[in-house]
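Please build the complete structure, drawing on both the sequences and the hints.
Each chain is listed here by its residues.
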Amino acid sequence: MATITQAPPARPPASTDRRRRVAARPAAWIVWGVVIFFFLNLLGVVASVLVSSFGQRWFDTWLPDGYTTSWYGRAWDEFALMQVIVVTLEVSVLVVGLSLLIGVPAAYVLARRSFPGKRLIFLVFLLPILMPPITYGIPLATVLYKFGLAGNMSGVVLANLVPSVPFVILTMTPFIEQIDPRIESAARMCGAGLRTVFLRVLTPLLVPGILASAILVLVRTVGMFELTFLTAGPDSQTLVVALYYSMSASGIRAQQSVDAMAVIYTSMMLVLLVVALRYVNPTQLVAQVKEEPEH
Amino acid sequence: GAPEGPGKSSGDTTGEVPERPARAVTLNVLDVAGNLQLTQAMIDEFVSKNPNVISRVTYSKAPAPELAGKIKAQQGADRVDIGLVLTGVDGLAAGVEQGLWTDVLPKFQDRLGGMRNYLEPAAAMQQLAGNAGVAVTYYPSGPLLEYLPSRLSAPPTSADALLAWAKANPRRFQYARPANSGPGRTFLMGLPYILGDTNPKDPAAGWDKTWAFLKELGQYVDYYPSGTTETMKNLANGTAHLIVSTTGWDINPRVLGTVPKEARIATIDGFHWVTDAHYAVMPKGVSTDTQAAVLALLAFMLTPEQQAKAYDEGYFYPGPAVKDVQLSSAPQKSQDAIREFGRPEYDALIAGNPTEVPLDAKSLVAAFNRWDREIGGGKVKQG
Amino acid sequence: MSAFSQLRLDGVSRRFGGQDALTELDLTIEAGEFIALLGPSGCGKSTALNCLAGLLPLTRGSIWQDERRIDTLPPERRGFGMVFQSYALFPHLTVRANIAFGLRMRRLPKEEIRRRTEEAVRLVRLEAHVDKLPGQLSGGQQQRVAIARAVVFEPSLVLMDEPLSNLDAKLRLEMRTEIRRLHQSLGLTTVYVTHDQEEALSLADRLVVLREGRVQQIGSPREMHTRPANWHVADFMGYRNLWRARVEQLDGARVTVESSGHRLLGEAMGDLRAGVDAVVAVRPEDIRVDGPGETGNSMSATIEVVEYQGRELAAEARTESGQLLHLRTEQRIAPGDQVEVAIDPQRLLVYLADAAQGGELRPDHLPHVAEAAR
Amino acid sequence: MSAFSQLRLDGVSRRFGGQDALTELDLTIEAGEFIALLGPSGCGKSTALNCLAGLLPLTRGSIWQDERRIDTLPPERRGFGMVFQSYALFPHLTVRANIAFGLRMRRLPKEEIRRRTEEAVRLVRLEAHVDKLPGQLSGGQQQRVAIARAVVFEPSLVLMDEPLSNLDAKLRLEMRTEIRRLHQSLGLTTVYVTHDQEEALSLADRLVVLREGRVQQIGSPREMHTRPANWHVADFMGYRNLWRARVEQLDGARVTVESSGHRLLGEAMGDLRAGVDAVVAVRPEDIRVDGPGETGNSMSATIEVVEYQGRELAAEARTESGQLLHLRTEQRIAPGDQVEVAIDPQRLLVYLADAAQGGELRPDHLPHVAEAAR
Amino acid sequence: MSGAGPGRPLAHWQHRLAERGVDRQLWLLVPALIFVIALFLYPFFYGLTLSFQPTNGGPFSDYARFFSDAYERGTIWITLRIALPAALLNVLAAVPIAYRMRGRFRGKRLVTTLLVVPITLGTVLTAQGLLNFLGPTGWFNRILLATNLVDEPVRLIHNYWGVFFSLVITGFPFAFLLVLSYLSGIDPTLERAAATLGADWRRRFTRITLPLLMPGLATTFCLTFVLAFSVFPSAVLVGNPAGETRVISLAAYQAAYEQYDYPYASAIAMIMGFVELVIIALVLAARNRFYTGSTGGKG
Ligand SMILES: Nc1ncnc2c1ncn2[C@@H]1O[C@H](COP(=O)(O)OP(=O)(O)OP(=O)(O)O)[C@@H](O)[C@H]1O
Ligand SMILES: Nc1ncnc2c1ncn2[C@@H]1O[C@H](COP(=O)(O)OP(=O)(O)OP(=O)(O)O)[C@@H](O)[C@H]1O
Ligand SMILES: NCCCCNCCCN
Ligand SMILES: [Mg+2]
Ligand SMILES: [Mg+2]
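Protein chains in written order, with this note's numbering: chain A, 1 to 295; chain B, 296 to 678; chain C, 679 to 1052; chain D, 1053 to 1426; chain E, 1427 to 1725.
Hints are computed from structural coordinates only; laboratory data are not their basis. A hint or two may mislead.
Covered stretches of chain E (chain A as the covering partner; in silico rule of three or more C-beta atoms under 8 Å from a C-beta of chain A) [claimed, not checked]: (1) 1472 to 1482; (2) 1534 to 1541; (3) 1562 to 1571; (4) 1688 to 1700.
Note that this is a predicted model, so its numbers are computed, not measured. Note that beta-carbon positions come from the ideal geometry of N, C-alpha and C, so glycine has one too.
This is the structure:
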């Protein structure tokens, strides 16, 4: 029989831990070094835009000559940013809502059921994600213009739905697969019909997945340049497109006011991101991951 | 937030255009030339003075290349909601070729009395537009060279000298890709005059010297930025010591502070101004009420008091398209800016050098295409 | 509670792809009965249960509740309750809401829902946990929630698919008693799926043994235990000793067989004739180690492996002829010991070894036979 | 095969965050021994095994292989084989490649790898499956691959973490015998983790019972079975009857206690004094139903629930004082029967009920005690 | 009346339909199907037919035009020259980093959060930032000059590298998160098992983790390659759109919106899609040579 011989501190702490960490160091250093280098440069990229947007004049020096906030006012007025931001939000909300409404039920069927032609349908849903946006964007814009659906918000929304719906399907599928089908069976055995199962059981359980997928679609839509660019009319530009125009449209524009606009764009994205990360783990933004135990 | 367009509301688009609209219209203005910088104040003033003609105005901007596609699509869908387009020569011409614009002349000549007062080169620019566009602002443009005296004391003054300087100072001379840059295209179109090419209006057959010159010059050019802004930035930060410019690009960036105030300009011996203008056009398919409103607006914009606003902060220096518009009648802010950043020598330069209209759109696109392939794209193969 | 007096499965069959998972299941369930579906993994137990629940469409056959055909009803309209293997509790609902779910679906008055939910909570003794989420419960507690959820709306039939297989040994034993108690106190008609013969024996009024989708035997626990219908069922019911043999002589139910050199006396199970191939089935606890038996069924063997099992020892022994014996004894034996073993002829069952009785005899169906032959 | 004569765990401890998962494990393993680590879920069994394997760094303590300290070695240099609960077969490698993996890592000659792999394949009887991927095998087959992979390079120690818990009852029984056979034929030193007392009893030479990270008892299966060190171990070892009691009188190892109105005579386990709170532990099979016992430990009770278990019946009975009894008997009894039960005093173990012996006495640790009290 | 034979009557027709997987639930698929047909397949085939109806010449003349013109044809190579290395770098760099981070550790959430940021920056902002940061007088060059690593600013924008960096900034985090999730999908006990079998970390990685990760890497490569291959704004903004970064999407765009030649633009778009699908098909074919079944780690 084991008896407790000594109080815990009397035992020597094991040496294993420290030794093995030291051994792992060189590889870790390189990896962390690369990561830090990447982040430093990223920081530089973002910060140089931020600093410049507040710079009065910035020629061949480390920092601007003076600081001002006037570029924001200029950018705001010149590109009617209020309207652009409103449009951006409207488009995003519409795209997110519609793609969830269309995508989640389809994802459910594709995740749960097998039926003739399923592989083909899956492939068709995959294509819009695999194809370069320009490839289908140009004919899509042409068709949408032909039906009078482009050049305004409906066009932007429709075009953005093309990659978004498949995206919802793709991101939701693992979440749905994760739900034990027996839970649905259990609900039906309790007397719940299909609709009730969907509304009372599946939807609450899918909230994390729906959130993750909504956020992804939102971020992608706000950032989606090509399709919006091809289908937007003058009054249905989103922020990225306005930003692109500010960088490439004719006219003389102070660099700083473009920077200011970029900062506005980034801030909006960051706000979205911060909100998003309250609800989802960052890796979930790409795929559903189970955290493994620490050792 | 998008206004439901007037094009849709009042059905009649082809009938008689009344003197004034039956009901005040909402006007959507699309600017593809950066022209609102000069004219937005004029339009705003008109709207505030004539709320019974235009009740509300919205502005939007787009790059010129998309103009034709967009208008065409709206017309195809029978839902034109852009009442007024402000464009440069390129967008105007693209639309003319596709038959997008309502002919303003000669039908409405008498409503636009201001057109009789065009400056002479502005009148030439108006000629270039044919019947569709109404020139609203004008400037002689360039080509000019721009430099910082601290980095370059004696700028080259001839084509040969420019070449020699570029050779001696590799990577220090810059101009932007002509298709994306006013100064770039002005330089391109101005070179045949400077070099004495056989036919400055025929880039395909008449520009032998120009193409040869650009090719040789290209050997000392590091890269062609995709916009003028970039060249200005490089001038300011010292990467480039000599760049191509225009009157507007000379003054306005210095007002904005993106180029040091002390920057100077130089001209090449024997240069001709290649002039530039902005036009107002009406897409076909706009309701007659809106047409009436636009015509009233344009007439207003061509009055000397309004044209004075085109001095702006040197953005399109001088800017007014009609005669006898004095700087002193411009807004105070304009006067201050031009007094501080303008150049007294411009008056003499403008008076003392011939002016030429730019290439027509087709030739220009051909020239751009050739430049892209042989000069711009050529850089890759060499490097 | 039961809304019917009989539930009849009439030739219920189910194919998956080209394979029969369940073939022609005929079974009549009386109200109040506790029926266990038993069989090795993949034999079609869950398939049968899911067909009954309406979660799987049938390929052939029909299901009748008294005179009403119910196999065309969706599961939510059959009014059966079900307990799933991993419980399938709604993870986003509290224990209370989980249990009340079925009542809600039936749109009962609030007050009644509350009352009946509390009653069910009390029944499964979860009063202290009603406001917890399933994730905060132990396995046994979850199991009780699942049972409460399935019985609270007084279903005419409760189906359970291996409800205990996720629990550890100790808890499994406790929950088994719990289920038995609930069944007795509520008088529920129950169909219970398990692959654990001990569980089936201890719980059910009647057992249905399946093999490869076909019913092998239906009967009471005692029948199953003492008189398996064929050697496959015997194998499954714990007759670990299965030896190839040849029938030598028949005398009513008494039969003499020869198996690897031993002459053994046993009970004839089914239609034997002298000279046919047979399989002898004996439980380890029916092999006695206490010296030469008076009945003649005795052999001497050498103990090879001994496992301590508390009161008893489980051992493997080998006879001189190489036959491997699994036996259990309270005697103190050790590897290497020479022992005399005996088998009561009444406990030595002799089955026909041919295809007619429960399928073809393949060596991998008879691991012990195969082993002995090496 | 074993490259050492002794393996010594010296105060091995492991904390996770602020919590002790394993506290001061002292254990000496002799070459060739089969040791089972036993205990309820979360007691630290896997932690101990992983520390031994080198997969978890120790917080305190050291591990010695004869005179060599090995806890500082990474797992790949300890040379131990391990069978994981979920087998952890490499899904992209064939059975053959899985088994050969350890030999490859040791850079043995091709020919020897082939020979030893085939030998191991034969040992676990997977000749027909060598070219399949693990995904194509049944649970039992996978289990055998895992074992072959762990033993093929003749490790000095084989560690097994609940290798049978994923299998069904029948297969579990067969694989258990298989492991026992392998251990005996190869003479492997084995440390085996399980929460199944029956498994531990039947396999091990010595058992180590853990509770909340601390060793409760180390001993032979027989010691564990008949003389658990405290009532927690007893509970875990199948003493389903655990009753609160008060010590009345002591007479050497004989002790008289009072439990819900019954005066009972039993064995004193540990340091008892008159008047202290105690816990009485009795196995169900040690409660006899055959009338008043001569030893005086007899009670009359009413049978409440009966379960058929083949040879025996398992039953719950309640005494007049409300005490619930779990018992097993070969007698034919039925619910409602009045019976006299008796317990041999040697089989009635009396433990101290206080904190000193294996932790505080909380009602949820004593479900049966709690039940009786209602 | 025995066996699965025809003796007993077939079950009710509802059972038989349900058996085929056809039941009411399939309606849930309809909105998405209508959507994908109307907004993807129809425009796509419209574009395809349009590309065979050039303004002048036979049905294939626009394709012929593209391939006979070195300036146009070259865009394929230009695009691949940017997209393939960028996608490869993104995936390869992600592997060791994700490998280090697959366990749980303090700050993991922070690091992954930081990595999500560049995904949200979008190409346009990234371009603007690169112009500022990597420009001749940007901080990057200033640091190089100040530390005497170079005598003259390094040209990192308005050329191949500008576009390349832009693709790395936007693509790497995406690749990293994907690889991380694939890695976490591999049951960690497999590596522990390999350790107990005598494999050091190098061989655990090469023999166990990497082979199991390969299918995930192939998928990640495809997805990042798709992003890189359709590079458009950054090719204009930080690249040299007339020269070494005149990517194929730019050629398509110019044909459509500068020359108003929709058939030609469609032809280019189709060629673009085709080239991309060829690469993806090659990668996926290679992927199939690896084990692609369950790796046991996913929940
Ligand atoms: N959805 C399915 N598709 C194809 N075959 C299936 C399906 N479900 C079950 N089967 C097959 O039908 C047979 C019976 O399966 P079933 O699940 O009823 O077995 P079971 O007796 O419940 O086994 P277990 O004890 O392992 O749960 C098996 O051979 C199984 O492989
Ligand atoms: N990685 C970890 N991080 C934090 N706590 C842990 C970790 N691994 C184990 N523990 C804790 O240590 C204790 C012992 O765990 P261990 O896995 O050794 O239990 P076990 O006896 O193997 O249980 P089981 O029978 O359920 O496998 C438990 O309380 C557990 O929660
Ligand atoms: N597409 C029209 C180009 C006109 C460019 N204007 C820029 C203003 C120069 N000062
Ligand atoms: Mg089953
Ligand atoms: Mg464990």
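Results of checking the hints against the structure:
| no. | hint | in the structure |
| --- | --- | --- |
| 1 | 1472 to 1482 | holds (count 4) |
| 2 | 1534 to 1541 | holds (count 6) |
| 3 | 1562 to 1571 | holds (count 5) |
| 4 | 1688 to 1700 | holds (count 7) |
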